[in-house]
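Start from chain X and add chain W according to the hints.
Chains X and W, in that order, are what the protein sequence lines are. Residue numbers for the first sequence, in the numbering used here: 15 to 242. Residue numbers for the second sequence, in the numbering used here: 46 to 360.
Just so you know, the hints here were simulated from the structure itself, not pulled from any lab data. Any given hint could turn out to be false.
In silico DSSO-like cross-links for lysine-lysine, where the CA-CA straight-line distance does not exceed 30 Å [to be verified]:
(1) W:Lys193 to X:Lys146
(2) W:Lys337 to X:Lys193
(3) X:Lys143 to W:Lys193
(4) X:Lys143 to W:Lys318
(5) X:Lys143 to W:Lys341
(6) X:Lys193 to W:Lys318
(7) X:Lys143 to X:Lys108
(8) W:Lys341 to W:Lys318
(9) X:Lys108 to W:Lys341
(10) X:Lys146 to X:Lys102
(11) W:Lys193 to W:Lys303
(12) W:Lys303 to X:Lys146
Reference listing, derived: stretches of chain X covered by chain W, where coverage requires no fewer than 3 residues with Cβ under 8 Å from a Cβ of chain W [what the hints assert, rightly or not]:
(13) 116–125
(14) 144–158
(15) 206–217
Only a predicted model underlies this, so the values are computations on that prediction, with no experimental measurement involved. Don't be surprised by glycine CBs; every beta carbon is placed ideally from N, CA and C.
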Amino acid sequence: MSLPARVVTLVLAFLAVAAVAAFVVIHYFLGSPPTVDYSAGVTADTGATVHVVMQEDPQNTVSTHPDWVSYFIQNPQTHAWIHTTLFKVPAGSKIDMTIYGYDGCTPLRNPVFGEVTGTVGGVEYVDGKPVKELNSWSGCNVGHTFSIPGINLNVPMATPSNPNANLCSTSPCTSGPHKTVTFSFMTPRTTGEYFWQCRVPCGGGFLDGFGGPMQTIGFMTGNMEVVS
Amino acid sequence: MTASVAEDAQGAGHTGPNHGLRIFLIWLPIAVAADLLLYFVYGPHMPPGQMSNSAASQQFDIKVMSVLAAPVMAAVLVAAIYSLIVWRHREGDDEDGPAIFGNTRIQATWITVTAVIVLFLAGFGTYELAWPGFAGAGAGEGPAPIWKPDGTPLQVQVIAQQWRFTYRYPQFGGFETTQLVLPINEPIQFNVTSLDVIHSFWAYQLGVKADANPGVNNVAYTTARQTGSVTVRCAELCGLWHGAMFDYGKVVSVAAFKSWANKTEVQLAAITKMLPPYSTTYDPTVVPQMSKAMVKAGLTGGNGYYYPPNDPVQP
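Same shape as in the complex, but just chain W:
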């Protein structure tokens, strides 16, 4: 290859239109308009809403990522459409295009921009995860959370079982109910566990989604900012009726919550006496009453199992 061909390929001495500038000028208003629409028009409606501090944090994160992604997507689409129109094959033009050996300016720009975006997202994501108030982004932090909210949060144990969630309130006598009722503007600590297989507690509008594993206390915090209904779903395939494992909770005023909790504590007193002592995990097979009950039932399971270890599917 001669030097003159290489120069042609680099565009040296080229007197045609500046395609890069054209693409940029087309892209710029599209990118700005897309970002403004995404942030200010669609943004407030993005999931999961703003019903809690964790939900609002997640919505903000999604808005930021959308604002970053939209210009990149617009650039790809503008460049592709521009190429299809301007450099399309024309009738009678059978010549090969110029041989191209790279463009330092484009390569440097591309690498710099993508590196800045990726590094920003890494820093932004870490900050959002670690920043007190939004720590864990609504997901469970495990049994030993690195961050705790100020004050004494309301303890709500979420017990998942095929195919229903039950909720235990240890600060109100330890009653257990199928109703999830929460107060507004008070920190809430969900202690999420399971008493059979793996489930996942997903309180959509609260922006809380924590795995429910047997024998594990998965702690998730949130503070509700609005009253209203909360959809709770299992987000982990857990058996035949996984798709039907959902219910609806509600966020109410502090006074209404206390009234409900005190009333329910009294109503369920007889049932509460039947429950095992409150524990952050819910493994009934280690509770003495349960062992006695199994003996009465003639079940010979060992090591916490209902059935003997030599049963065919028992590990």
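Just chain X, with the same shape it has in the complex:
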């Protein structure tokens, strides 16, 4: 092989490797779902009320993993549902949370997380009815949880009355059987990122349900960013 041909081959090989490395870094390490901003126009540390709206679906047909269960967050300005689990809230504020539960039931692996903790009054409201705990082992009544360990928040998500039947099949869900879960909690005064997760092993197709959506931001876990 001539010298110019060898040089060209070497350069091409280098560029190919660099391109693969750049793809991996950008796609896997820097890639992230969008963050829905609920802090705009709200002054932190004043106890102001912010209304956050989410939904949990039995699938995510707007992603490359259509069979993965998923949360969606509503944009407060446009009310469009965003495929993300990242949201931003002001510090020292009261969050009024509404979560529409469209998914069916799966028993908690640890029923202790059927207890509502960290909310105002220690309760959640399922279709307006106050609830302090849900026993996922005695009834088919828990689909997921919304849990932020950093502030000891744990709220089991109630399932539709007719569980696992005629569930919404296109995400984000706008119709179909569901429960409306509401609760309030105070954001900490310490700014930072507080991860949240679902505690129901809902990663069907993965060992004991702990893989896939359970381990992927944008599906069943994410971050609540508390800003000043």
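The following block gives chain W in isolation, referenced to the frame of chain X:
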């Protein structure tokens, strides 16, 4: 090679300075000073502190190892620096150094000293591991510990799950909570297990670090000697939020602990009824209520799994 060259190499008839003695005299005060500083000045601040008997035992072990290691390190550094200064290359000196064929005295000394140090450490380590009171050095001893403390220890089941520890107190009605509260001066038996993947329960200030494996009861003992806060971390890479799997426990007086435990037992009574019967391991998939719940949910998993064995990632 002639006999005279060999004798030169051994230093026979050499009238120069006694380098070995010089190095020894430089090394000796450095080693003594380093050991005194390590043991008496830095030693009391070495991790993990003295909050429990196991932590204090670990700190003592680290102090002993440091005291042994410091003179060895000092000897290496002194010899190296001395060589760089005394036997450095000088301008105009292009001669080869003498051929060296070993030094019996140095070799015997080196082998003897290192053998004594290594054998001492082996004996010391075995003693520290096996001696009642510090057995296991704060690590889990498995489901059948070879040593148990006197009296009836407080049972605390540590249940690790992605990504939080919960604690169950079987002697107080079996309530389960995310708070770790412990009494001072009472033996504690941690029954460490996991209900999903492999974790590790690391109560830093208590000097306890026990693997949390699914289906295994890993027993670790300790006795807290001081009140205060305890940092609990997962020490086994366990998934996306492993780095955020930590909390803070506390050691309180016996009276305060009993008051807290009795109060929490009452507060959590409704939740405790939802829990499976207490067991030293925590495998909910073998609990009958769980099986019924899975049937209600339409989950067709078999052999204790949530999902069917033919699921793609199911073993």
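Ascending list of hint numbers which this structure does not respect: 1, 3 and 9
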